[in-house]
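Novice: Below are the chains, spelled out letter by letter.
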Amino acid sequence: DVKVTQSSRYLVKRTGEKVFLECVQDMDHENMFWYRQDPGLGLRLIYFSYDVKMKEKGDIPEGYSVSREKKERFSLILESASTNQTSMYLCASSLRVKGGYYQPQHFGDGTRLSIL
Amino acid sequence: AQKITQTQPGMFVQEKEAVTLDCTYDTSDQSYGLFWYKQPSSGEMIFLIYQGSYDEQNATEGRYSLNFQKARKSANLVISASQLGDSAMYFCAMRDKRGKAAGNKLTFGGGTRVLVKP
Numbered sequence: 001d002v003k004v005t006q007s008s009r010y011l012v013k014r015t016g017e018k019v020f021l022e023c024v025q026d027m028d029h030e031n032m033f034w035y036r037q038d039p040g041l042g043l044r045l046i047y048f049s050y051d052v053k054m055k056e057k058g059d060i061p062e063g064y065s066v067s068r069e070k071k072e073r074f075s076l077i078l079e080s081a082s083t084n085q086t087s088m089y090l091c092a093s094s095l096r097v098k099g100g101y102y103q104p105q106h107f108g109d110g111t112r113l114s115i116l
Numbered sequence: 001a002q003k004i005t006q007t008q009p010g011m012f013v014q015e016k017e018a019v020t021l022d023c024t025y026d027t028s029d030q031s032y033g034l035f036w037y038k039q040p041s042s043g044e045m046i047f048l049i050y051q052g053s054y055d056e057q058n059a060t061e062g063r064y065s066l067n068f069q070k071a072r073k074s075a076n077l078v079i080s081a082s083q084l085g086d087s088a089m090y091f092c093a094m095r096d097k098r099g100k101a102a103g104n105k106l107t108f109g110g111g112t113r114v115l116v117k118p
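Just so you know, the sequences run in chain order A and B.
Take the first sequence: its position 25, counted from the start at 1, is 25 in our numbering, and no numbers get skipped.
Take the second sequence: its position 39, counted from the start at 1, is 39 in our numbering, and no numbers get skipped.
Be careful, since some hints might not be right.
List time: in silico EDC-like cross-link candidates among lysine to aspartate or glutamate, alpha-carbon distance up to 16 Å [unchecked claim]:
no.: 1; chain 1: B; residue 1: K3; chain 2: A; residue 2: D59
no.: 2; chain 1: A; residue 1: K3; chain 2: B; residue 2: E44
no.: 3; chain 1: A; residue 1: K3; chain 2: A; residue 2: D38
no.: 4; chain 1: A; residue 1: K55; chain 2: A; residue 2: D38
no.: 5; chain 1: A; residue 1: K55; chain 2: A; residue 2: E17
no.: 6; chain 1: A; residue 1: K18; chain 2: A; residue 2: D59
Calculated from the model, a selection of chain B residues having no Cβ within reach of chain A, i.e. all distances over 12 Å [what the hints assert, rightly or not]:
no.: 7; residue: Q6
no.: 8; residue: E17
no.: 9; residue: D22
no.: 10; residue: L34
no.: 11; residue: S42
no.: 12; residue: E44
no.: 13; residue: T60
no.: 14; residue: M89
no.: 15; residue: R95
no.: 16; residue: T107
Don't read these hints as lab results, they were simulated from the structure.
Note that the Cβ used here is the ideal one computed from N, Cα and C, for glycine as well.
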């Protein structure tokens with residue numbers, strides 16, 4: 001079974017702090033994703049990585065950066081946390097699309113982040 | 001730009017009855033894929049079912065079926081014989097072909113919360 005592990009289920013930080021959210025997958029997937037989930041808005045893509053050291057902005061990248069130094073690990077960084085970044089953060093991974101066939105995304109359990 | 005709309009923020013369903021969750025989409029692509037995910041209160045997202053735009057048959061997976069109406073741009077999820085364990089958030093999503101990640105990304109709707117009553 002694919003396992004996507006997020007480092008924390010709950011995290012409380014203060015405004016202005018630098019925050020790191022870590023995600024590790026154990027299935028050698030090329031793609032990794034960071035989403036933010038807010039009530040009524042569904043999941044919105046923050047950043048996407050399709051290979052080591054390769055990244056692409058999603059729909060809401062402002063205030064965030066990412067790092068992918070190893071294939072299995074994808075980190076989300078809040079450079080200077082603000083209260084409007086209080087949210088649920090979900091990490092996912094998938095194989096690359098091959099021959100037009102969909103490769104499902106596998107999700108971690110999420111990190112509920114509160115910025116005070 | 002792609003957009004997924006789920007107009008039902010929440011709904012109740014009696015145990016053992018069927019429930020239909022609405023999803024409409026907007027895309028200019030001819031080839032696309034639609035998905036449904038389930039998110040229980042524990043938080044993990046569980047992939048339920050997939051429908052390709054060129055699939056001739058509506059997708060089915062156990063008690064889940066997809067009522068795909070291409071002309072109306074709708075992809076409604078039908079859960080038959082509801083169980084208490086079906087209580088969860090349900091998200092409709094579409095493959096997003098923009099950028100280098102062509103086809104690898106998903107665009108999600110706002111979700112529908114389902115509560116199954118005993």
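Novice: Checking each numbered hint in turn, tell me which of them this model violates, lowest number first.
Specialist: 3, 4, 5, 6, 7, 10, 11, 12, 14, 15, 16
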